[in-house]
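2 protein chains.
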Amino acid sequence: MEIICVGNELLIGKTLNTNAQWLAKQATDLGITVKRITVVADEVDEIANAVREALKRKPQFIITTGGLGPTFDDKTLEGVAKALNRKLEINPEALQMVKERYEAYAKERRIGKVELTQPRIKMATIPEKTEAIANPVGTAPAVSVNLKKTILIALPGVPAEMEAIFKATIAPLLKQASSSNAFYEKSIYADNIMESTLAPLIDKVMHDNRGVYIKSHPKGEENKPHMEIHFSTTAENAEKPQETLQKAIAQLSSLIEENGGKTIRDKQTTHE
Amino acid sequence: MEIICVGNELLIGKTLNTNAQWLAKQATDLGITVKRITVVADEVDEIANAVREALKRKPQFIITTGGLGPTFDDKTLEGVAKALNRKLEINPEALQMVKERYEAYAKERRIGKVELTQPRIKMATIPEKTEAIANPVGTAPAVSVNLKKTILIALPGVPAEMEAIFKATIAPLLKQASSSNAFYEKSIYADNIMESTLAPLIDKVMHDNRGVYIKSHPKGEENKPHMEIHFSTTAENAEKPQETLQKAIAQLSSLIEENGGKTIRDKQTTHE
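Those sequence lines, one after another, are chains A and B. Oh and the first sequence: position 83 is 83 in my numbering, straight run, nothing missing. Oh and the second sequence: position 265 is 265 in my numbering, straight run, nothing missing.
Next comes chain A alone, as it looks inside the complex (with noise of 0.2 Å):
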């Protein structure tokens, strides 16, 4: 899978990537592998180039965040269709969601009708020989398109908007197409040894126990290691997961305390 992320705010730092996180983490706990994540500018060509190397590289799903709303620079659509050569129109279904909503809205703040003006229209104005995905928490339907080797599918940019419909809509598309790779990790904590230290013991770990994938991040200040050391593995790497992993670790911990380091194995496992 590989995530596309459109937004000018993500290119000057303003905005913290939480999307492309949170997209990743449900993924690859779903056993879908992400290979790659892109962040491009509010730009039709810049969108529309990203689209079409990622579907070069053939990855299962593409999902683009971002660019779905009622300004003139939500332009991800204008992107998809052009690196699919294809045109925008209105979509009846997508015209009805935007419809329903801004009923909704207009009956509970109680004012008047509210306008399909074309910015609202603009929601609902998706390639053609695309689906809409309605949108349970915001005005802007998602999309959805089968290519011959990839599923395209683009989300909102608001998270709320995102998460909302991955879990309805895309969760269960992407589990059905794991054939149940689940995705295995825990971390355990090591003081008073350095990372160039842990290197060949990580090697002879990894060599002992196939299917077991270790990486240590230092933590700590200068001169001060401290490590968390993140083990995993997944369901098609490995036969008895949960066991594998235990046996890396206990064979690890084994090595830093042997090494002089200390180790921390009841620590929660923290995803930051």
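One should not assume that every hint holds.
Claimed, not checked - Derived lysine-lysine pairs resembling DSS-like cross-links, with alpha carbons at most 30 Å apart: (1) A:Lys107 - B:Lys219; (2) A:Lys35 - B:Lys204; (3) A:Lys35 - B:Lys25; (4) B:Lys224 - A:Lys167; (5) B:Lys56 - A:Lys87; (6) B:Lys204 - B:Lys149.
Stated by the list, open to error - Derived list of chain B stretches under chain A, where covered just means 3 residues or more per stretch with a C-beta under 8 Å from a C-beta of chain A: (7) 7–20; (8) 63–72.
Just so you know, these hints were derived from the structure itself, not from any lab. All C-beta atoms in this analysis are idealised placements derived from N, C-alpha and C, irrespective of residue type, glycine included.
On the provided structure of chain A, position chain B as indicated by the hints.
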């Protein structure tokens, strides 16, 4: 400029990509436009492909983060070497930097000589015809290379190390290259106006104030619109950037109030 972040932890959603945001913000503030951020796995071919693709787009700078450490999965320089079609070699300056680090470490901890093992020498093994940059707070040197159209810089992934090297060595380089195209920004907030109502007002104000870019960021809950509206310009795009921003803000604020919205202009601009 392009940013390439290397690290499986980013692709499994374990780690939030604060490095990309930090670098993007620094570059933007120095007047350098970030056009793309790419996240790839700790795999030589993935890294090499991302670097090659970025080079083809001829950005003035490419900054990579991560993958410079002593462990088996620190593969950024191998990927860069492959992309540039250069060999990896032990760089004498880099080796000296690494050596001094471990000598200082041994002295501080009152332990014997720290041996220059293979994982430690690895950190001084960099692509031929590139330059090692001192790391004031960690062991792995950074690397920089002047190519025809692009200066490529490889920084470590540990945030404190990346930031220290950037401030000491990279920021002056970017500042010099930016020809003082400083970036100016300000946010205001609006309640009680839908993004789709705001859209044509933004169009008008951008039309009337050339060089100002305005982007709305919905922050509210469903049916309770709260909008951040971000105004930005650069010294290149506006002769008197501060005044131009103020003029655009005043005009849009009036239009919002005319349309039943409420604006908050004195709230501190937040950088999330």
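Next item on the list: Determine which of the earlier numbered hints do not hold for this structure and return their numbers in increasing order.
Entry: 2, 6
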